[in-house]
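Here's the letter readout for the chains.
There are 2 protein chains.
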Amino acid sequence: MTRSFTIDNDSKVLNPQKFIQKERAQSKLRIDQINTFLENTPQRRDLTHSLIEEICNDPVLKTDTDYYDQTKSQQRLETAKKIARLSLYMEHDIKTIRNQFKGTDLIKELQNDTEHKLPSLCNEDLSIFDKRLSLVANIDPQLGTRVGVHLGLFGNCIKGNGTDEQIHYWLQERGALFIKGIYGCFAMTELGHGSNVAELQTRATYNPKSDTFSIDTPDLTATKWWIGGAAHSATHSTVYARLIVEAKDYGVKTFVVPLRDPATFQLLPGVSIGDIGAKMGRDGIDNGWIQFRNVVIPREFMLSRFTKVLRARDGCISVKTEPQLDSISGYSALLNGRVNMVMDSFRFGAKFVTIATRYAVGRQQFAAKKGQQESQLMDYPLHQYRVLPQISIAYMISPAAFKLMDNYYTTLNELYKVSSSDKSALMRVSQKLKNLFIDSASLKATNTWLVAQLIDELRQSCGGHGYSQYNAFGKGYNDWVVQCTWEGDNSILSLTSAKSILKKFVEAGTRGKFDRELDTESFSYLKPSFLRNVIMGGEEAELNKIEDYYLVWAIALVKLLNHTARLIEKTKKIDGVSKLLILISKFHALHSMLKAYHDKLNSDSESYITDENTRSVMWDIYKLFSLYFIDKHSGEFQQFKIFEPDQISQDVQPQLLQILPKLRNHCIALTDSFKFPDSMLNAPIGYYDGDIYNNYYNEVIKNNPVESDGAGRPVYHELLSSMLKRGFEFDERLGGAAKSEILARLAK
Amino acid sequence: MTRSFTIDNDSKVLNPQKFIQKERAQSKLRIDQINTFLENTPQRRDLTHSLIEEICNDPVLKTDTDYYDQTKSQQRLETAKKIARLSLYMEHDIKTIRNQFKGTDLIKELQNDTEHKLPSLCNEDLSIFDKRLSLVANIDPQLGTRVGVHLGLFGNCIKGNGTDEQIHYWLQERGALFIKGIYGCFAMTELGHGSNVAELQTRATYNPKSDTFSIDTPDLTATKWWIGGAAHSATHSTVYARLIVEAKDYGVKTFVVPLRDPATFQLLPGVSIGDIGAKMGRDGIDNGWIQFRNVVIPREFMLSRFTKVLRARDGCISVKTEPQLDSISGYSALLNGRVNMVMDSFRFGAKFVTIATRYAVGRQQFAAKKGQQESQLMDYPLHQYRVLPQISIAYMISPAAFKLMDNYYTTLNELYKVSSSDKSALMRVSQKLKNLFIDSASLKATNTWLVAQLIDELRQSCGGHGYSQYNAFGKGYNDWVVQCTWEGDNSILSLTSAKSILKKFVEAGTRGKFDRELDTESFSYLKPSFLRNVIMGGEEAELNKIEDYYLVWAIALVKLLNHTARLIEKTKKIDGVSKLLILISKFHALHSMLKAYHDKLNSDSESYITDENTRSVMWDIYKLFSLYFIDKHSGEFQQFKIFEPDQISQDVQPQLLQILPKLRNHCIALTDSFKFPDSMLNAPIGYYDGDIYNNYYNEVIKNNPVESDGAGRPVYHELLSSMLKRGFEFDERLGGAAKSEILARLAK
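Here the protein sequences come in this chain order: A and B. So this note's numbering is basically just the index in the first sequence, starting at one, shifted up by 1. So this note's numbering is basically just the index in the second sequence, starting at one, shifted up by 1.
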């Protein structure tokens, strides 16, 4: 049935597209300017758009609604096809960066460059592909992970722990970074140990006679578990195992261990691998388990940047280790993933608010008065409260995510360059890494949680249609929530980052310690003069000037930190305040996000917003974010005397209620500004034209063809009809269990 | 690899079962007594246990971990098999109730009883089967729904809207209530209308010449949508359609419309049906869409209890309607589902807290000091804060759920008995129904939300293993969350119930209106003397005596209602306070739950807890629930001046922190008390013996046999190996695009 079949032209045919088109036409917002703001710079924006176009046009990479009907094995296969496709883009992207398409084959040169004559492959070389991968992961998260494990985890483990020669060999000469030659996985987690890496039990025992290591799984709980890529695609693995030399345990180190012959995909001797099977989401990833039984690798396969097993000419064995650097590298291994997850939070948040906003504008339900046209969902204040703050969340993540990403690359480059003999430079970069760890941990935890709630809340706001797989929320949520658990469980990350913040707070408060160069950006609220002022009651929280909306969080942080520190002082137990520590990490993230957004929008050179009206709406978004979370945390704001109860009733909540209807008028433009094409949303109730019902209906029809046994007739129809037509003869067949005459005869 | 393969007996083999066994052995709690409390009465408890045993032993009904690997079509088929199996239990259960297995075949008698000589089938006849269905739905929610749509929605629609004769014919003689003869679906929702039932657009136009109705779908948005059972299994439907007689629209009424021939499952003429396809969860339900094109049914198929189309001998047509009764029946149609969802909330909550608690006790991670044994997760205060309040939620739902269920059956029986001429009795029952609506709406919304959060929070608390499908959380969550949307969207239900509460508040406050008989149970906080006291400041919130822990919520409700009423007075807009209305509904539910639990535990005859120590722990659970939600809502508690900021810091939070470690010691016993057998949990990390790692590993191995192409070798291995071994010849194959010599030749 299509629109033309309507049998009565007087009937109420809902026409959602007209609302969306009307609101779009009425908006005066400069969505191009907003898009540049959200994509950080004009250069980055242009790259984003051109990559999105390529992905959505690519016959293998593009993703349609049939995606939501794939079984686990189909997902595995389709993902593998897409990886093979991406491997070609990878070569192309590196050639683009180095501007070398003619003359010689760059990839061949790089792979053959055993003597390091060319500049080695570096992060810059991968920058286009990284962005491509991040965008493709927005459409197909399991694809993103499956490649990300190889490049990000396997690759970064080698980069962080390998010597220069090892990095060059595995990643460049063997082709790993071109997705060639070998495919890697990252065997850290075990069945019995996830977060506590230091207690992993897999062993790498050095054999002096053969100058090799034996890799062994000592018992079931030491089975490598959840290893992405292990079940089917990895030929090699970086394995976290205890280094044991001459019966001494040197703790957990990393080793490159071949798993399969890349030509035949046969498992190598001693390697047992199985499939972890069905997961809540991301079934396209072949997570597996691995057990090792006397798997022998050369000594040289141990990643030896900071710890080396040395063999003297006389056969004497020694272990040389640099514990401080080793621990620094510990910081860096999982950082990349966390930084990327903050960027993912921006794009996933943006995607789902776009879908839900368009639906809320197009969908009508209930009339204000009998006989009137039914109201658009978005006109209900409750609906505005449910949806609009979620738009502000997506907006507020962007500047912080780009800033964190830039900070990550700068700091890591510095780390790779620093010489291990230059202790003071090393201390400096180690301090930077610690700050980066705090920021990335608190932003990762806070935003992956926020976006999980965002997807859930917005799915509910789309009612029943939100529960259909074809509208993206279901798989979207299932794929998303693992981000709260992997590469640092959110609770543990929050605790760890909060403990570091607390330590800084105590040092700043008691000893006036504050590093002007390193701490000003993220820890401005720890400036000793500010601290003192807040604690002495000299800083009153207000919500008048623009900067107040982030400063109020600085005040809140100090008061929360102060309350927490005093509690610990009293109870002597830091674990007892862990609920408060989680809050500290969250408040730190909210403050950073507001500040980064504020500073960018306030900057002449970096905001790219020249239109005054647009800028003013962008400030409303910022205020909404701050007010929404003050209201959500009004318990803490009152308890720690940041605001009086009456200020909540008479200032915070009224401001919040005033700002929502203002932003409501711009909601279509604000979500259009993300510039997601329909093929990236892959959710018919959220397509650009707003023709919600026809779009959704058409996708349902396309994906659910007539049953093979006839329309509406399931293949198991005989089962049903024989159930329904079972008659009274059931009792007869049992011998007439109920029949008195028979029972009487039987009783004779 | 099994335990016996451990290669080194000195290695740290984690041994979770010893912790669980130890804590179980140490507990002095009387779990039998607690179980009786939770299952309401000894009689109900015994029935529950015997039904659970039957279900878990039944070769068709039992559910194993392979359940989590089924594709959509497998789920559809398996569910149909289970329905056929349940249909036999149904007959058996009715015979059990009527105690008639011999002499004559009861089912045959009931179906042939066209002259109403026997007592008609009633709710009591179905009481065993209802419980059976509710329990089976805990193991396999989609099965529960698929049968529930037929019995609960199709059946109750006929019961609520049909004449006695229509009820007797469709449900008893045709066999529907025995799952025989016909299978029904419930065609209410349309693509364009869900919550706003009055605006449904499907039409039933009366044809005077043939004395029939034509059922028609006027346009795409009027397509019946989301109809459970429509895609594949329903032979008949109750259809919500506008009654149109002589061009006059009488609004939405209900009709029985045949869809398929029950013998062949062919669709009938004019009926178009399709599959809605993939959903976020519950794919075993065959939700479908239906379009009608001139589908003709006899006039007598209109359900005519309150509205009749009458045809006089002279052919004159009239419509007789009883609008008041019609609207009462409107209340009752979806009530059953809501009442059941509160009971589901108890059982689902209980299931997931059992799994997460056992995992938290068995799992170790990180040692307090180097060299010490790693701590059990449950020993971390943060973990206690994440898990223990969730146990209290499951506990607190139970008494309220049973009370609501009993109240529902009493009131409905009264409604069905009352004569439509007895206006005063009718007013009375209508008042009871309204109260029941408020309670069921606020309890349904609050508890389905709470349990959605509970599942999510507890999945996260199980880390990575919580993300595995085999540990129940993934599908459990996906199956669960639709409860927040269907049969009354939670937001809309909350708003509607809160508006009614607000109306009662205003009437009690301004006119002293309070119905001692009807309102005392659920609306005790609206007693005018209490209201006055609270508003005048004569009632101070305290947390000392046992009853304070629910009374504090009564005070909170009055203050919240008062604040809301004043805001509306000021702004004249009720929509503006909808965020507060949602809170009113939630506070009402929390108060009812605490009060029901308090009254039961406090009762000599109804608590069944005779052991003092056990009772005292049960009171701690109750306090924990109250404290946890006061702390969660500390914003409102301070804003509405129920507590001062310092009371939160010095009383509420310290009490909360003190109670958690106390309850921690009993957590295994408290969850054992739910008495869920392993086969009902269907989650190996939560099995009774606590052998977490072996159990989980074994299920993974069982469900993921070696790949058909060889161990660890995917069927698509050639795709991967050809990707990896692509060499430099790629460029050659393109004609040597990079080769200067060739390009030079081409340039000549």
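Hints in this document: simulated from the structure, not taken from any laboratory. Hints may be right or wrong, so weigh each one.
Chain copies aren't distinguished; within one or between two, either way the pair holds.
Claimed, not checked - Cut-off 20 Å, straight-line C-alpha distance, at most; resulting in silico cross-link-like pairs (EDC-like, lysine to aspartate or glutamate):
| no. | residue 1 | residue 2 |
| --- | --- | --- |
| 1 | K13 | E518 |
| 2 | K371 | D250 |
| 3 | K321 | E166 |
| 4 | K504 | D690 |
| 5 | K103 | E55 |
| 6 | K703 | E55 |
| 7 | K580 | D647 |
Outcome of the hint check:
no. : hint        : result
1   : K13 / E518  : neither (65 Å within a copy, 46 Å between copies)
2   : K371 / D250 : between (79 Å within a copy, 14 Å between copies)
3   : K321 / E166 : within (18 Å within a copy, 91 Å between copies)
4   : K504 / D690 : neither (53 Å within a copy, 42 Å between copies)
5   : K103 / E55  : neither (23 Å within a copy, 74 Å between copies)
6   : K703 / E55  : neither (25 Å within a copy, 42 Å between copies)
7   : K580 / D647 : between (26 Å within a copy, 18 Å between copies)
Hint compliance for this structure: hints 1, 4, 5 and 6 are broken, all remaining hints hold.
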